[in-house]
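Visitor: Sequence:
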Amino acid sequence: MTRTLIVNADDYGLTTAVSQGIVHAHDRGVLTSTSVLVLAPAFATTAPWLRDLAGIGIGAHLAVVGEDPPLLTAREIPTLVNARGYLPASWRQLLPRVAARRIDLADVEREWTAQLDAIAAEGLEVDHLDSHQHVHVFPGLCDVAIRLANARAIPAVRLTRSASDAPVGRVMRCLGNRFADRARAAGLRFPADAAGLDEAGRLDEPSVLAALARLAGTDAAVVELSGHPGNAVDPDRYRYAWDYRWGAELDALCSPAVRAAVDRHGFTLGTYRDLGRSAVGAGAT
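Under numbering that gives the first Met the number 0, residues 0 to 284 are what the sequence shown spells out, in order.
Hints were generated in silico from the structure; no laboratory data involved. Since the model is a prediction, treat every value here as computed from it, not as a measurement. The beta-carbon is built from N, C-alpha and C at its ideal position, and this holds for glycine as well. Watch out, some of these pointers could steer you wrong.
To be verified - Ranges between beta-carbon positions, derived for each pair:
hint	residue 1	residue 2	range
1	Ala53	Val232	37 to 43 Å
2	Arg238	Cys173	28 to 34 Å
3	Thr78	Asn176	36 to 42 Å
4	Arg177	Ala259	35 to 41 Å
5	Gly186	Asn81	32 to 38 Å
6	Ala152	Ala43	20 to 26 Å
7	Ala88	Asp262	38 to 44 Å
8	Ala98	Pro77	28 to 34 Å
9	Val167	Ala119	30 to 36 Å
10	Arg96	Asp26	37 to 43 Å
Use the sequences and the hints to build the structure in full.
Guide: Here's what the structure looks like:
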């Protein structure tokens, strides 16, 4: 059985140094794909680099949370922003507002549509959708993501997975299963298993090796490992107090030991485009 491993870097465009690290991990390591964060400050200057990066898959890292402002004005998306025009800082602020129906999902759809338009304007072809802080799997927002994927003929979406028994992990598994049913019914494809949520920000070499071993123990034909590599030195990242180890993740993805583990476990490196060779949902092997 051919087993495909997608290695995706989130947050392309966050800073110049993050984008440089992602390009390096593709050129010198096992990285095969990246998700573009349109709201990030370095998107406009670094997006053209992807046009010349042969073989890389490109996703849309849709955002309605975070430190950076939306593309649309407060008048266009009034329920998504506060009085100062800021988005919710994280999913922890967003989801209660969605659950209480204080956010108009039409505002989410308008903002995400603008983000997809911005990626298309750079001449980049998107092969999948995912989202900042994985909010696309949450009730309501998942329907918007699925509708946009179908409208834009984007064939695949990320199915966020967790192996953690912590409360957040259990909730994400429940939401992921629900999202899988809806995405499959809509004809969308997704990797059957994934790693990266539980290890977010600390996907160093031991963590990558452990994640690969876990994914290799499944019968999934297509799996995803997602991370956040970037150059270790980055004066522009002061705005993002995430305590992430960007440099360690970059080192891990360029590690000979990781490359050897990919081969040892029988994975073929690929992108979300390879899901087109599998059944809808990519769940069956």
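Visitor: Does each hint fit the structure? Answer for all of them.
Guide: Hints, verified against the model:
1. Alanine 53 and valine 232 have their C-beta atoms about 27 Å apart, which leaves the hinted 37 to 43 Å range violated.
2. Here the CB-CB span from arginine 238 to cysteine 173 is close to 33 Å, well matched to the stated 28 to 34 Å.
3. Distance hint check: the CB atoms of threonine 78 and asparagine 176 are about 28 Å apart, inconsistent with the given range 36 to 42 Å.
4. Roughly 37 Å separates the CB atoms of arginine 177 and alanine 259, a value that falls within the hinted 35 to 41 Å.
5. Separation of glycine 186 from asparagine 81 is about 37 Å and conforms to the stated range, judged on CB atoms against 32 to 38 Å.
6. Distance hint check for alanine 152 and alanine 43: the Cβ-Cβ separation is about 25 Å, which falls inside the suggested range of 20 to 26 Å.
7. Between alanine 88 and aspartate 262, the C-beta spacing of about 41 Å keeps the proposed range 38 to 44 Å intact.
8. Taking 28 to 34 Å as the suggested C-beta distance range, the pair alanine 98 and proline 77 does not conform, at roughly 19 Å.
9. For valine 167 and alanine 119, the Cβ-Cβ distance of about 33 Å falls inside the hinted range of 30 to 36 Å, so the restraint holds.
10. Judged by the Cβ atoms, the range 37 to 43 Å given for arginine 96 and aspartate 26 holds: they are separated by roughly 41 Å.
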